[in-house]
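Hey, can you work out the whole structure from these sequences and the hints?
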Amino acid sequence: MSEATLALPAPRLSAGEALAGWMLTAPAALAFLLMLLAPTLATIALAFTDYELGAPALNWIGLENFAELLQDRGFAIALRNTILYVAIVAPTSVLGGLALAMLIEAGTRGRALFRAIFFLPVVSLPVAMAAAWQYLLHPTIGPLNAALRAVGVAGPNWLSSSDTVLISLAAIGVWENIGFNLVLFLAGLTAIPRELYAAAEVDGAARAWDRFRLVTWPLLGPTTLFVVTITMTRAVRVFDSVAVLTQGGPNKASEVLLYAMYEEGFTYFRLGYSAAITLVFLAIVLALVWLQTRVMERRIHYA
Amino acid sequence: MTITTRRAALATPAAMLFMPRVLRAQAQTEITVHYAQPFIYKEAYDAILAAFAKREPGIKVNYVTTPNYEEGAQLILRQAATNQLPDLSYQGFNRLRVFAERGIAQDLMPLVKAEAADPATIGYTSNLLALGHFGGFQSGLAFAASNPVTYYNADLVRRAGGDPDNFPTNWGDVLQLAGKIDRLGDGTEGMWFTWNGDDWMFSALLFGHGGRMLTEDERDVGFAGPDGLASLRLIDRMVKEGGMPNLSATAARQAFTAGKLGMIFQTTALVRGMKEGAGNNFALRTTGMPVIDLAKGRLPTGGAAGMLTAKDPARRDAAWKFLRFSTGPEGQALMVRNTGYLPCNQIAIDDPQYLGQFYRENPLFLAAVKQIPISIPWYAFPGTNSVRVTQTMVDNIARIVEGRATPEEVQRDMAAEVRRLLPRRS
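From first to last, the protein sequence lines stand for chains S and W.
Per this note's numbering, the first sequence runs over residues -5 to 297.
Per this note's numbering, the second sequence runs over residues 20 to 445.
Just so you know, not all the hints are guaranteed correct.
Stated by the list, open to error - Ranges of calculated distance between the beta carbons of each label pair, as one might list FRET restraints:
no.: 1; chain 1: S; residue 1: Arg207; chain 2: W; residue 2: Glu295; range: 54 to 64 Å
no.: 2; chain 1: S; residue 1: Thr37; chain 2: W; residue 2: Ala69; range: 38 to 48 Å
no.: 3; chain 1: W; residue 1: Glu89; chain 2: S; residue 2: Thr37; range: 18 to 28 Å
no.: 4; chain 1: S; residue 1: Ile38; chain 2: W; residue 2: Arg238; range: 35 to 45 Å
no.: 5; chain 1: S; residue 1: Leu280; chain 2: W; residue 2: Ala333; range: 46 to 56 Å
no.: 6; chain 1: W; residue 1: Asn299; chain 2: S; residue 2: Leu107; range: 32 to 42 Å
no.: 7; chain 1: W; residue 1: Ala135; chain 2: S; residue 2: Leu35; range: 49 to 59 Å
no.: 8; chain 1: S; residue 1: Ala281; chain 2: W; residue 2: Gln103; range: 48 to 58 Å
Please keep in mind that the hints were generated in silico from the structure rather than gathered at the bench.
The structure presented is a predicted model; accordingly, all values stated were derived computationally and were not measured.
Backbone N, C-alpha and C define an ideal beta-carbon position, used for all residues, glycine too.
Okay, here's the thing in structure tokens:
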């Protein structure tokens, strides 16, 4: 909706109506102000101070926190690990979700069952599930390594070796995200008109791959874009599994952005520095959202 | 986090349902007491409160708990900023220094001295007082103490050709035995030493050599010399000779209670949990830590101390009475029986009427009691980077465990990194 259409009827509103409007939006506006805007602004302000939890005073230190971020080995590792994690989790769970959705859509029986099974990880409690993963991936008594031993392979120490810890966490991340993506893709698939497939077949697209390439993929465009951005933001937010399973270890091999933020703020009590990390995180998320809206405006259309 | 301050209880009708007594108009003092780790301590604090209420009916105590020490420290630091401190808080030994240096903890010595000119006569010997002495004054009174001990699987020791009744007492023999257990096959691991989490167990090796974390004047690191190197080399040998796998603490405990790990070196505070976990899987035994230096060797003490934060005189007086009771012989006996920690009052330790029977019936707890004479305070680093230093050390030790660096390289890097984190002094 453009601004012009909104502005047009405004002069005709009576003062009473305007007041009623304000009153009606007040609860939502107030909640937004108090719960979202104010804390965000406070965090932005904190990022420019040296505030420590329990310290009697705080000083305005300008960009010093950000200068420190640039030299902080821990932060650099956290940023690199987060990017790696997103680079594994996002494509795998998006393509995996799409593949599963097409399989379920093509099947004739047990659709609801499969949908429920794959959606379960999304509704389960991440912390409780992390404990289950800890057992599954346990190097000596875990079923996975027991199975590997049975076929004569010595399984790695999934979560405690710095070689495999990030991949193990990413696998858990894929497991958490794939069901969510599956449901979104299923919704997108059902919205595609059946007759388009019939028309494509008439026009000579006989093979399944051609139908996918010419009909399904283009029509799923908006859904795919949405799924990609939401998966990326969810992956950037990784925290629970790290906090429960590895605490960023060994030797920072699984340190990620949000865990570094938590550690700085609540273990080392450096709230100012922690707020600076939060701002970096916020910038990444905003950039992803901005990218989505830009691409959405430009080119994803039912051409 | 469960927060049940007096104010919150009065303000929220829901809370009133659970605390109807708050409303009873009585001339009584009400205090708020904070403690961490209710999953370990709840029974102990409840038992102490029940006994305390009989003795001091005019004092009403409300508990506030946090799931762990870390969140407990956050809570107090946050509340100090907003002037909503509880009256008494039980904090981990290694966090006490932060509160002492930030002026939140109060000096308890005048109160102790007011009761007895010589604190030792009421059970506060100088060793026990030292556990809560941080920032240059008596910032806390030790409430629960622990030291590191050896847990071993007697069945695996026997299968590897060892004698469970004569467990080796030096690291050389211990590592040899662990290596034999490791070679039993079938996924069995030799040993595990709690090197991650924090620096506590590393300090057990360092103190065992007679070493120090920082020099006497706290201006430089104390582990850059031969003691520190020997401690790091020992960790290297655990991996190479003892077959120590690269596990997280939780995973190692699970492997041990499942009967797949020969021995595990960790705090005595976990005796209860290990005993329940092991069940009838295998014969669990405990013994003291392998001795490194018989004359100079010491061990760190973990646990919690109560620190006084009340400002109002009446509440301060009531909070002190509670702290005094909880750290007195009666309170300590209740604490030990309900947790498995070590008592922090000499009378409770010496007088058999308090704990004699308990230790006869629970021999697994005895290993730690025998180490009390060589236990010294848990070292807390000075300055605002106190906790970060700990993590820096753990990160560096991880490199040895993963076989990515030699003890010499790790000692050099660890010393350099910790030096940068120490407070700069003019």
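Now the hints, each set against the structure:
1. S/Arg207 <-> W/Glu295: 54 to 64 Å: About 60 Å separates the Cβ atoms of S/Arg207 and W/Glu295, which means 54 to 64 Å holds.
2. S/Thr37 <-> W/Ala69: 38 to 48 Å: Holds - the Cβ-Cβ distance for S/Thr37 and W/Ala69, about 44 Å, lies within 38 to 48 Å.
3. W/Glu89 <-> S/Thr37: 18 to 28 Å: holds, 21 Å
4. S/Ile38 <-> W/Arg238: 35 to 45 Å: Given range 35 to 45 Å: holds, Cβ gap about 38 Å.
5. S/Leu280 <-> W/Ala333: 46 to 56 Å: holds, 53 Å
6. W/Asn299 <-> S/Leu107: 32 to 42 Å: holds, 40 Å
7. W/Ala135 <-> S/Leu35: 49 to 59 Å: Holds - the Cβ-Cβ distance for W/Ala135 and S/Leu35, about 55 Å, lies within 49 to 59 Å.
8. S/Ala281 <-> W/Gln103: 48 to 58 Å: Given a distance of about 39 Å, which is not inside 48 to 58 Å, the answer is violated.
Checked against the numbered hints given earlier, the structure breaks only hint 8 and satisfies all the rest.
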